[in-house]
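**Q** Use these hints to put chain B onto chain A, whose structure you have.
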Amino acid sequence: MKMKLNLFSFLFTFTILSSHVLSISDLILTKVDRRIDLSTQIVRTTTTLKVENAGSDIVSEILLSFPENHAIHLAYLSATLNEGRGKAKPSSGVSLPYDEVVSPKDFPNSLKVYSVTLPKGLGKGDSLTLDVLAVFTHILQPFPEKITQADIQLLLFQESAHYLTPYPVKVQSLTVKLPDARIESYSKLENTKLQGSELKYGPYQNIPPFAYLPMVIHFENNQPFAVAKELVREIEISHWGNVQITEHYNLVHGGAESKGEFSRLDYQARPYVRGASAFRRLVAKLPPRAHSVYYRDEIGNISTSNLWGDSKKTQLEIEPRYPIFGGWKIAFTIGYGLPLQDFLFGIDGKRFLNISFGSPINELVIDTLIVKVVLPEGSKDISPSVPFPVKQRHETKFSHLDIAGRPVVVLEKNNAVPEHNEHFQVYYKFNRLSMLREPLMLIFGFFFLFVASIVYMHADLSISKTSASYLAKIQWEEVQATIHQVHTIISRCLTTHDKLEASLRDLSRTGDIQACKATRKSVDSSLKELTKELKSPVTFLQSSPQATQILPKVEEVIAKERDLQERLMAKHSTVVDCYEKKLGGREIENRVASHQQKITALRQEIDDLMDLIDEI
Amino acid sequence: MAATDAQTSLRHAFGNVLAFFILILIGVLAFSIRLFSVIKYESVIHEFDPYFNYRVTQFLTKNGIYDFWNWFDDRTWYPLGRVIGGTVYPGLTLTAGTLWWILNSLNIPLSVETVCVFTAPIFSAFASWATYLLTKEVKGPGAGLTAAVLLAMVPSYISRSVAGSYDNEAVAIFALIFTFYLYIKTLNTGSLFYATLNSIAYFYMVCSWGGYTFIINLIPMHALLCIVTGRYSSRLYIAYAPLIVLGTLLAALVPVVGFNAVMTSEHFASFLVFILIHVVALVYYIKGILSPKMFKVAVALVVSGGLAVCFAMIAVLVAMVASSPTMGWSGRSLSLLDPTYASKYIPIIASVSEHQPPTWPSYFMDINVLAFLVPAGIIACFSPLSDASSFVILYIVTSVYFSGVMVRLMLVLAPAACILSGIALSQAFDVFTRSIKLQLPSLSIDSPVDAGDGSSESVVPDDTVKTDKTEDTQKERTSKKSRSRKSSSESVEKPSSKSQIKKRLSVLPLETSIIAIVLLVLLGAFYVVHSVWAAAEAYSAPSIVLTSHSHDGLHVFDDFREAYAWLSHNTEVDDKVASWWDYGYQTTAMANRTVIVDNNTWNNTHIATVGTAMSSPEKAAWEIFHSLDVKYVLVVFGGLVGYPSDDINKFLWMVRIGGGVFPHIKEPDYLRDGQYRIDNMATPTMLNCLIFVETDGKAFDRVRRTEIGKKHFKLTHFEEVFTTHHWMVRIYKLKPPKNRIRGKTKKSKSKANPKTVSKRKELKRNPF
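Residue numbers (this note's numbering), protein chains in the order written: chain A, 2 to 617; chain B, 1164 to 1931.
Isolated chain A, as found in the complex:
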């Protein structure tokens, strides 16, 4: 493990220690108090060391050693100076910088050694108290490794009853906190006491350096052994006011594997006996004012979740699609939005995001944690700052309407535990005007679309204005327009004819000859006008080569219409004459009959022709 320290501290300067030759200084641990918490899958060892410098040199660092089989599972280590006399909380102190060092030659093999740098050297005879918190994952071994649904989950924990240290220890004791459940067996050494769920070893006195006294505890633990094989947290910043967090979990039950059959009947009848080691639900503590929370997997929404919140936190309780027995896996995604102003701050021209690193789910072990911070497009001078060592790389992500892509800072951490839920920062520069780019792009996009459609609607897009077909088309359109004109004129003629007929009917009803004559006159004049109007279109049609086909029909219509006109006039005058002569109805009919027949026939022919013309 190559360690590069990125420790952020307010009081102490930032120190990077290169590995150098260590000499065991003349330190004595006057008192060592160890507490090991085995109540969850994460093993937390809290050690209080009272260190005294018995030598003459000023000592500035203290070595902590762990056996290698534990050290590979070491997820988190912090050492704080306990200055107060009383029991100060570990969090109140400031964690000291530490570094992994090559174990010196005279150390036993298979030891990993970390050196803690003290803020100021420890003079002769001085003493101090150090609180060391070491967090281990995956060191509780299920035994038996495979259990059936009805079995309980038993775990094996191995440790040394003596504190493994390169320094001599005067007084030491060990307390192991076990869950409230059965304890199968434990190593009975001297001074071993079992009080309730607490197992006490010690006190032991005057133990030489590197003392190792193995002890084993075999106990029941049905706590959820939720292990995320991989967790990808994507934190996307939108300067429109939202921080969107998407977390892709790939969970597995890390406890004893389940074997044999799974009976839902048994599980539902007695869930805490049949399936005691299985876990049904997980609780995630989201930041306050989290909104738009969702919980789904690749095949859709998962409906078994609860959300409630107050001003301090939002609590999300999620239930996987099925209870997770040992060795069973599940994958799901949680997403939520957070208000930007809670997490994004500005400092002398730069902006920085300040948000927690780890997963919000309680007591979750994460084998690989990948945090991706997606900054807005156009961010520059990006520098992340994480309080513990992580792997870093940069990516680019294309999202809504991006052109250059959004810069992504990828931080990768192996073996993460809830202790890693510290805030980290990503500093970057971003111009506020870049926010407007995408809306403007949309606006201009639509604007040009509309302009283009207007241009298209109004422009003549024919390829050649002089080509024969184009000219023919234009001519044809003119011809059509003219024919249409002719059509309307003739239909107006026909309407005037109808008036004439109507006047005749009036005549038969009222006998008002004068009115009838007047109508005829007016009709006559209007017909004459219409005939005049017809002239120009007809001459146009005659001149136009495109109209050769239709011209005969048009001429036929006009001729027929004229014929009809004459006939009608004749009929009209006949009828009026008859009325003037006061002839009988039958007589009139006889006289008109021939006209009438022709008129009807003509009218129909004209109508047919008109339809024909209209069709063109």
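Take the hints with a grain of salt, since some may be wrong.
[Said to hold, decoys possible] What follows is a set of in silico ranges between Cβ atoms, one per label pair, in the way DEER data are often shown:
no., chain 1, residue 1, chain 2, residue 2, range
1, A, L613, B, T1277, 52 to 58 Å
2, B, E1517, A, E439, 41 to 47 Å
3, B, S1706, A, H485, 36 to 42 Å
4, A, G512, B, K1600, 31 to 37 Å
5, B, S1397, A, L472, 23 to 29 Å
6, B, G1249, A, I73, 49 to 55 Å
Bear in mind the hints are in silico, worked out from the structure with no lab data behind them. Note that this is a predicted model, so its numbers are computed, not measured. Virtual Cβ for every residue (Gly too), placed ideally from N, Cα, C.
**A** Just chain B now, with coordinates in the frame of chain A:
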């Protein structure tokens, strides 16, 4: 004159803009009414077939089009596999894939699933616009708009195109209507441009849905009708011939159709009419160049010679058709012609509920008030009868028949019903509003409509009413003709003075008109209410998530996905899962596990094998499944929560399909006195068969309201590895062979074990 011209053109422009906005709103309506499923449930793919389409789309977007055509899917029909590229209608997949690709190249990161979910609503908006265009060609823009509104929310179409219903029909209905529109457009304009577009639209339809055979039979029928009724014209030729030639060539490009486009009987009608239309065209041509006398001689010559040739050809055709076993028709098409065909010969087609004939209430459910409006629409289409309106009439008549055969084809009826109802409604409104307008003199003076063409009207007094009869009939005839040829939209907008006069004749009393309008609006409102209800309540359920309302709130049964998620995370990638074919698509798509049979049902024997295994006793079933390399068996049991379409209710189909191939499975063995029962009166064969044993878990079955006949038993060859929360899906694992003997001894022990009994009793009190 210029002023009025400007005024009318402004009015037209205004009307066009109004129509445009109405159309946009119709699109929005069509899209948004289908979002109930997303709002009430979630944005998820629905049902069975959509999952397959979704999976294919995923493959397409991941691997590209060439891999898609060559895709051999080894995850299904194990051990046979399935050639997906060659057996799937690619239209929907390619459409959604293209949409996704466009969006992603614009850097809009929508997932494939989202695109798939919203494909159907988008295309229903397109479909309502296509309906507008089609109806506008038939009866003008008013009818078009009405029909588009009706189609936007017709429940029958909603049932297949709610968000998430990612099925072929979603785009196919659009393609169907659009093809018809282009056909009518070509028929009306005689433009080769539209004819070419028409064959491309037909190609898209062929890509999308097997229902394209409806088009390729309906259009020839219409062409034939036109020829027979003496309506042959060059426009008909242009509309028909290019479509058949280009369309058939293009259709043959689709792998799933291929040579079927010329080989199967479904397409023969089009070729026959193709020949006929050429004969008719030739006859018309000869008639044009010969004198009537010569023509008669020629006819006599040709008819005598031609008949002989015709008979010979028909004989050859009949021989060809008869030589193929199913007469060259596919099973589904045959069951369309003979509704009893499927139930007699192909149980697998009959077993699908959507292939059953519909009941009367389903007509009311699916097309609602349109059923009453359609006859009025047909009458409106007859006056006057044009090429376009005769097409619509033919469309409704054939689709009514087909929908009567198969529930699924109600979908084809829906657009026809909407078009005709749209015509009926718009005509009715036209008549009523005109009557009101003419009888409100103040209105007629104010309105510029009357001022425009009033020059003829206001002069003509109401004596037109008393026009002598001869003239009247003449006018009617001529106006009929003039209107029938008034195909282009332009002429519709300026009806001749004669039709104006005719319109004036059909004036109804004021009160009647007002009341009628109110009633029509009420009818429309009822339709809207029903459609919204149908969209919200009846057709939005995604069917993979079930919900039930009880006194203590909403219960969600998400068991299917629970089981699929379990399978996908906790079994080996190459494990084979056996289930009844209904769940095949979902298992491959959601659990990503190899299945034995799926909803494609292309291999009846394979399905019968699974059916036989399900209906055999445990040991025999184990052997069958083991021979298929099956590791897990998935069964669906609805008895605990009252989910009716579970495997026990499907069981008789398993027996029937299994028995159709393996004669030792006999249906009567599973029936007691011809009744299907699972209580203690059930037959021993029934009580011993695998499906029964595996689905059973509880003493009381809520679906069938009976006590289960056989309760306490222990499986020897299978073990329960997973059961979902509400017991709906149960997954069993085949035990490895060596355990068989030990298991048997256990069985005898467990029978005497009183513990199991107490456990069962406890469960009764279980609130679940």
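**Q** Now look at each hint and say whether the structure bears it out.
**A** Hints versus structure:
1. A:L613 / B:T1277: 52 to 58 Å: 57 Å, holds
2. B:E1517 / A:E439: 41 to 47 Å: Between B:E1517 and A:E439, where Cβ atoms are some 45 Å apart, the hint holds.
3. B:S1706 / A:H485: 36 to 42 Å: Because 59 Å falls outside the window, the suggested range is violated.
4. A:G512 / B:K1600: 31 to 37 Å: Once the Cβ atoms are compared, 36 Å apart, the range 31 to 37 Å for B:K1600 and A:G512 holds.
5. B:S1397 / A:L472: 23 to 29 Å: 25 Å, holds
6. B:G1249 / A:I73: 49 to 55 Å: Distance hint for B:G1249, A:I73 holds at roughly 54 Å.
Violated hints amount to a single one, hint 3; each of the other numbered hints is respected by the structure.
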